[in-house]
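Here the protein sequences come in this chain order: A and B. Counting from 697, one number per residue, gives the positions in the first sequence under my numbering. Counting from 2, one number per residue, gives the positions in the second sequence under my numbering.
Just so you know, not all the hints are guaranteed correct.
Stated by the list, open to error - Partial list, computed: chain A residues near chain B (C-beta under 7 angstroms): (1) Ala716; (2) Val871; (3) Thr874; (4) Leu875; (5) Gly876; (6) Ala877; (7) Thr878; (8) Pro889; (9) Pro893; (10) Arg979; (11) Lys983.
Hints are computed from structural coordinates only; laboratory data are not their basis. Just so you know, these numbers come straight off a predicted model, no measurement behind them. Even for Gly, the Cβ is constructed at its ideal location relative to N, Cα and C.
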Amino acid sequence: MRRSRWHGLWLGLTPALFIAGMAVLPMLRLMWFGASEPSPLGTESGGFLSGWLAIWSDSYLRERIVWSLTQAGVSTVLAVLLGVPVAWVMARLEFWGRQWLMQTLMLPFVVPTLVAAMGVLAWWGPRGLVGQFFEWDDRGSAWLLIAGNLFFNLCLIVRAAVAGFESQSAARLAVARTLGATPWRAFWRVELPHATPAILSAMSLVFLYCLGGFGLALLLGGQAYATAEVVIYTLVAHELELVLASQLALWMLLFTGVAVALYAWLQMRVRAPLRGDRVRRYRPNVKSLTTWLMLVGVWMVCLCIGLAPLVAIFTKAALASSVAWSEALSGETAAAIWNTTRFSATALVLATVLGVSHAIVGRRYWWWRMWGMLPLMISPVMVAFGLILLVPQWLDSWLILVCAYALLAMPLVVQPVAQALDSLPRAWGDAALSLGASPWRVWWRVTMPLIAPAIRRGVAFAMATMVGEFAMTLFLSRPEWTTLTTLIYQHLGRAGRLNIDSAWVLSAILLSVTLVLFWLLDGRRWHAVGTPEFDDRSPHA
Amino acid sequence: MLECQHLTKTFQGVTLLDNVNWQWPATGRFATSAVGGERPGVQVVALLGASGAGKTSLLRLIAGLDHASAGCVRWDGQDLSKVPPERRGFALMFQDFALFPHLNVQDNVAFGLREQGQSRAAARATASQALARMGLGDFTQRAVTALSGGEQQRVALARALVTQPRLFLLDEPFSSLDTDLRTQLRSGFLNDLQANWDGTASGISRVLLVTHDEAEAREMASHAWRLSAGALVSLW
Chain A
697 MRRSRWHGLW LGLTPALFIA GMAVLPMLRL MWFGASEPSP LGTESGGFLS GWLAIWSDSY
757 LRERIVWSLT QAGVSTVLAV LLGVPVAWVM ARLEFWGRQW LMQTLMLPFV VPTLVAAMGV
817 LAWWGPRGLV GQFFEWDDRG SAWLLIAGNL FFNLCLIVRA AVAGFESQSA ARLAVARTLG
877 ATPWRAFWRV ELPHATPAIL SAMSLVFLYC LGGFGLALLL GGQAYATAEV VIYTLVAHEL
937 ELVLASQLAL WMLLFTGVAV ALYAWLQMRV RAPLRGDRVR RYRPNVKSLT TWLMLVGVWM
997 VCLCIGLAPL VAIFTKAALA SSVAWSEALS GETAAAIWNT TRFSATALVL ATVLGVSHAI
1057 VGRRYWWWRM WGMLPLMISP VMVAFGLILL VPQWLDSWLI LVCAYALLAM PLVVQPVAQA
1117 LDSLPRAWGD AALSLGASPW RVWWRVTMPL IAPAIRRGVA FAMATMVGEF AMTLFLSRPE
1177 WTTLTTLIYQ HLGRAGRLNI DSAWVLSAIL LSVTLVLFWL LDGRRWHAVG TPEFDDRSPH
1237 A
Chain B
2 MLECQHLTKT FQGVTLLDNV NWQWPATGRF ATSAVGGERP GVQVVALLGA SGAGKTSLLR
62 LIAGLDHASA GCVRWDGQDL SKVPPERRGF ALMFQDFALF PHLNVQDNVA FGLREQGQSR
122 AAARATASQA LARMGLGDFT QRAVTALSGG EQQRVALARA LVTQPRLFLL DEPFSSLDTD
182 LRTQLRSGFL NDLQANWDGT ASGISRVLLV THDEAEAREM ASHAWRLSAG ALVSLW
């Protein structure tokens, strides 16, 4: 017995130490660096934390922090205003195309951040299919960034709200109606309060992702609407102002920490899904104008925000010249594909081994499992910056990049595997033991086959995350390690129409590769909202 | 009084109710039962049937929560097909009492009064009085999740009673309880209804009890029907 406990400890210790070394230590180094160094702004008298406080004396940095919080807040509110009505219709009405729309809303879970940003540009941007009719500023726009945030985060709100509405007891709703509540009043007084914890929890997650998002902000906001994350990158990569960057990063860590704490607190209040007594979805009355308006609204929101940007990428790529295609399919691209493949594949193996090990141990200790989810809550920019400060001598090895990838991907494996282990009835293992199977045979013959779909699902999401990783790659990679995402970014930074067209083509290729790989790994199990799947995904790298 | 005319309900190709014609018993006999004797002011009619026979479907049609495939439900001759559930004046009680977990005891009871247009303060005052009458005066600010099964039932009953419904619809409200508690709650339920009686013929609490337990129906109901193969058969 004691021996098996030690085995369990060793099994869990490796991933836990990995997270400590790759996420916690860099964060601590970043915090110490930012708190102890004097401010380059020179406005404070000195002392511990003085530089950190001095950030607010600089009007530009102050504006960037306020703007970061504002865009995250506005995006969150808009996501709720659009997402909750969509979720209610999805949860209550059975209409043509409902399942397909649900699956469409899941697309952003696997679309790389940079591709999403390119999609928003292709649809809403200054030269986009729809955006060309607006007079956008070429240097970036607040609304483009918010559109990008909505593309990524609307699905989180819809998913949480659908689950919240679906967990509503049919009996309570029926009682409310017989007590005199109209459908509208029953929505406000019974349905919405019931779903509120789930919606609030999703809101805090959306706020967190919008606040810590990097790729979208870099491409869509530009320097005019740079968020704090973009400013940190600029200070580190272009101005070599490491001290100022770390002090700004400290403030962002503080805000992120508050959002994480709020999310964790709210998550505990989300009600468990009901097993019976659900409100049955009904076929809408086709003669009702209100019904038609609701259905058209839902289709418009899902298509314009969720699907159109992706379709626009393929359209832009199709319209690109043959020269752009041949440019995009050059040796440079082949090298980028090779780098993407080797980094992702190596990290995938690492993340899967560490993630499954962590989930097995996390079955016994809940706090151990929470530790495994930590990388989801930390901005990749902060982790990358922390690594630069912590281990500058290791940055010439591509292993550090692979480890950083694995860190981001690991929680995506931990979550579904842990859920699958939780849902396994203890009696099955006990029955196998009583039939003469050793613990190892029980694991191999009973547990493993039952959790295999969850592992496959985790691997699929981890793969999608790594193939499209951008923020850490931009921070940590060297010119010879260019991946597909950084190559797209390089094309965008070069002058000329040809480069822009090449970026569209590469984006279309990356999107296709991600979707095909995901479908191959998890396609048949790609269920929409309401089925047991995981709540989080990697931050927008 | 309640009446079903040619009521038919099919769901996913299965006929749950097949041209049901039924009328609330005209005789004003009160509930006589083994759970405490006769109770003036309360008339209980039971609807029996096996699981899946369509009892709950019939109850939902009467409450206005579902639409009939054909036929209609009437009250005092008025066709209720176009009357939404919130305007029928029928109160529903479920097995788990369906108390709203986001509202405290007092606000649960005040819920229906607020929907009738009363101010928050007035609704709460009425709710407090109703709770006090049922011996729950000290429970007003409690979370409903902190109540025992018996207390929850009385809160659900108070919530329905304060709206002065024309008819109580009970969907197996005692089936999830253990035997002792079930007997105790049945008796308490009838007592509470009786205590609420204003002494007039129109103030009689009319209860349609849906149950699969014939013994329970015999204890509580003065009349009973069995729903079988989509048709209602009179038992007593």
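Here is what the structure says about each hint:
no.	hint	result
1	Ala716	violated, 39 angstroms
2	Val871	holds, 5 angstroms
3	Thr874	holds, 5 angstroms
4	Leu875	holds, 3 angstroms
5	Gly876	holds, 3 angstroms
6	Ala877	holds, 5 angstroms
7	Thr878	holds, 6 angstroms
8	Pro889	holds, 4 angstroms
9	Pro893	violated, 9 angstroms
10	Arg979	violated, 11 angstroms
11	Lys983	violated, 14 angstroms
Consistency note: the structure conflicts with the earlier hints numbered 1, 9, 10 and 11.
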